[in-house]
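2 protein chains.
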Amino acid sequence: MSFSRGLCTVSRLAKRGFNGYRRLPSRDHRFPALIQTDFAGPPQTEQLDPFSLVADELSVLANRLRSMVIAEVPKLASAAEYFFKMGVEGKRFRPTVLLLMASALHVPLPEPTDVSLGNAVSSELRTRQQCIAEITEMIHVASLLHDDVLDDADTRRGIGSLNFVMGNKLAVLAGDFLLSRACVALASLKNTEVVSLLATVVEHLVTGETMQMTTSSDQRSSMEYYMQKTYYKTASLISNSSKAIAILAGQTTEVAVLAYEYGRNLGLAFQLMDDILDFTGTSASLGKGSLSDIRHGIVTAPILFAMEEFPQLRTVVDRGFDDPANVDLALEYLGRSHGIQRSRELAKKHAELAAKAIDSLPESDDEDVQRSRRALIDLTHIVITRNK
Amino acid sequence: MSFSRGLCTVSRLAKRGFNGYRRLPSRDHRFPALIQTDFAGPPQTEQLDPFSLVADELSVLANRLRSMVIAEVPKLASAAEYFFKMGVEGKRFRPTVLLLMASALHVPLPEPTDVSLGNAVSSELRTRQQCIAEITEMIHVASLLHDDVLDDADTRRGIGSLNFVMGNKLAVLAGDFLLSRACVALASLKNTEVVSLLATVVEHLVTGETMQMTTSSDQRSSMEYYMQKTYYKTASLISNSSKAIAILAGQTTEVAVLAYEYGRNLGLAFQLMDDILDFTGTSASLGKGSLSDIRHGIVTAPILFAMEEFPQLRTVVDRGFDDPANVDLALEYLGRSHGIQRSRELAKKHAELAAKAIDSLPESDDEDVQRSRRALIDLTHIVITRNK
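Going down the list, the sequences are from chains A and B. Going by this note's numbering, the first residue of the first sequence is number 1, and it counts up by one from there. Going by this note's numbering, the first residue of the second sequence is number 1, and it counts up by one from there.
Source of the hints: derived by calculation from the structure; they are not laboratory data. Heads up, some of the hints might be wrong.
Which copy? The list can't say, so a pair holds if one copy fits it or any two copies do.
To be verified - Here are the simulated DMTMM-like cross-link-like pairs (lysine to aspartate or glutamate), alpha carbons at most 20 Å apart as the crow flies:
| hint | residue 1 | residue 2 |
| --- | --- | --- |
| 1 | K85 | D154 |
| 2 | K75 | D218 |
| 3 | K75 | E224 |
| 4 | K75 | D151 |
| 5 | K85 | E57 |
Looking at chain A on its own, in the form it has when it is part of the complex (with noise of 0.2 Å):
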């Protein structure tokens, strides 16, 4: 359920060689390389790897995050920067987003300026961006340590999940640091319409995650109610975040709107596909996946759709899922509808609204603003293509 999952197939297709004609920087190679695309076909779309655009960047931001969640008292300290540590940042998929689209708004400076003056209001207002990153990434780890609290996890990238290491009451505590800290950092941008537009990011996480907790049998089998939880869940946070970038660059709201919508349809498809996953794993049989969500009672987009088809899958789906056997009939009759493909559709269909959104942004000559914005529109492709 983390848009850090999944990410990895880049990785592999990096391993196989994948090369193209502007490699970026990439030093494991870990995410795709650019690729040599027909010159002689119709408009070119140079692929590139939009992990790697940013990677030093990155870096950076890693290394300011953790100074940023530095704790006074040495038990809340390791607690709050747990997830900050080298090795377990996760894909950092937002912060490549919000760079992404940072670079992809960019507005050169009206000549003539004073160069050294222009580059000081860019490079300002870079830092203030990536702020919006950390901040991001901040609000993302606290909501991941409530929620590993709220669902008794054990584990978590890879590693065991902070509730399980030092228990739920320092994991509660390092998640509302992380939230205060985020609200500081938040302050010292001195925009406070950033500022609501995060904080109501908080309140959308915590919605959506009572949402799922507490659901009503219609609502259970609402496929709006679904998008409405899911939106708040996992889309909220980069649409909001990726508007906030927008923003503090001084766009139009016309180009605040396409940013929050490129976030908002990227975050749609890839819970969808995260949703599909937990079905058919790696491979594209059903019951492959860890059957995580339809375990822990929670339905998502296949079975939705597979109930358009078989209303009886309805009866199945109220009785709950604490008996396997009910799981593997859900199955079944996911295996008889069109519900994982439907789904894959309507991931699709997000990746395109937010590759049109990106494609209706105001027309630039930059080259590296063109390079991002392509940068962003693979990146909705990696999501819906992805299998893990």
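Got chain A sorted already, so can you dock chain B onto it with the hints?
Chain B alone, transformed into the frame defined by chain A:
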């Protein structure tokens, strides 16, 4: 351990028609009654019921708070509003202090000013200051919700704690929700210094709670550590929100610091008294309190002072208080020491420092301002003479 404890005598007095003008401090009375003093004498200390001065405004504020914490999802809504419902709002000590501080720092607009314009400006400022009082309550209640989860508490304000009634999960989520609403409300004030101040308070609350939870033997026996923890857990919120009241009013740094110092010293005095009452309860005799702190292994001022007289008490403290015999032994040492008396003196010292901060404010001829300042000073007496 909460500000809302122990002030109900005031409301009882108020119900009895506590509406007079002047009172004299008297240790024998729970709360000194108002007495009309002789106007012919030297500088009068007009004493009055601080709570009744802002009673009407507190009702408005309570209603607004209820509307501010409305959540979309029903379960979250009931959880979030739990401690804002009529009858369980607590004694609203913090809002009372903050509204009085707002009046105490009121600077009438210089003549000639268009009266209606002046009134509009005053009224807008007051609304913003009320908002600080509301945010402060939200942060306070959020911290209570999480603290009760951490402490496995089953009651609060005379009703079941939220975690007891609706479960830990909803209590954690409701706390997060209140923090996010507080942050949204903060952002709406469009003053980043104030956002930063109150976000730092959340960090302090978490830090204080962690300090209390994870003490080494040396820390548990250190008065300095105890006072630092007490500042974080209790005094930071009221001091920084008092400062925020001054900042919103556009006061000088000096005045903002005095507002902060008032809150800090009042908060420390309050908590010291709370810690004494945990031993003595309503009577003045040792062991008549709930002994809740010591039974939870929390070492407070009376024991720390006693330890200075009887260093051998430290080994008792180090053994912990799971064994009731150990509690009795500690009480015995405490009884033979001046621990309670010295704690009272320390509380008194902080109450006096709080009063001094008010006395150091720039002079004002305005009667409302003077009355509010006297009420703030009266609160310092109330805090140290309360016996429950």
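Self-check item: Within, between, both or neither, where K75 and D151 count as close if Cα-Cα is 20 Å or less
Solution: Answer is between: at 17 Å across copies they meet the 20 Å cutoff, but 23 Å inside does not.
Quiz item: For the identical chains here, do K85 and D154 meet the 20 Å Cα criterion within one copy, between copies, both, or neither?
Solution: Within one copy, since 18 Å is at most 20 Å while 36 Å is not.
Quiz item: Using 20 Å as the alpha-carbon threshold, which applies to K75 and E224: within, between, both, or neither?
Solution: between (42 Å within a copy, 19 Å between copies)
Exercise. Have a look at K85 and E57 and pick one of within, between, both or neither, based on CA distance no larger than 20 Å.
Key: within (17 Å within a copy, 48 Å between copies)
Quiz item: Given identical chains, is K75 near D218, meaning Cα to Cα at most 20 Å, within a copy, between copies, both, or neither?
Solution: For K75 and D218, the Cα distance is within 20 Å only across copies (16 Å; inside one copy 44 Å).
Hint compliance for this structure: no hint is broken.
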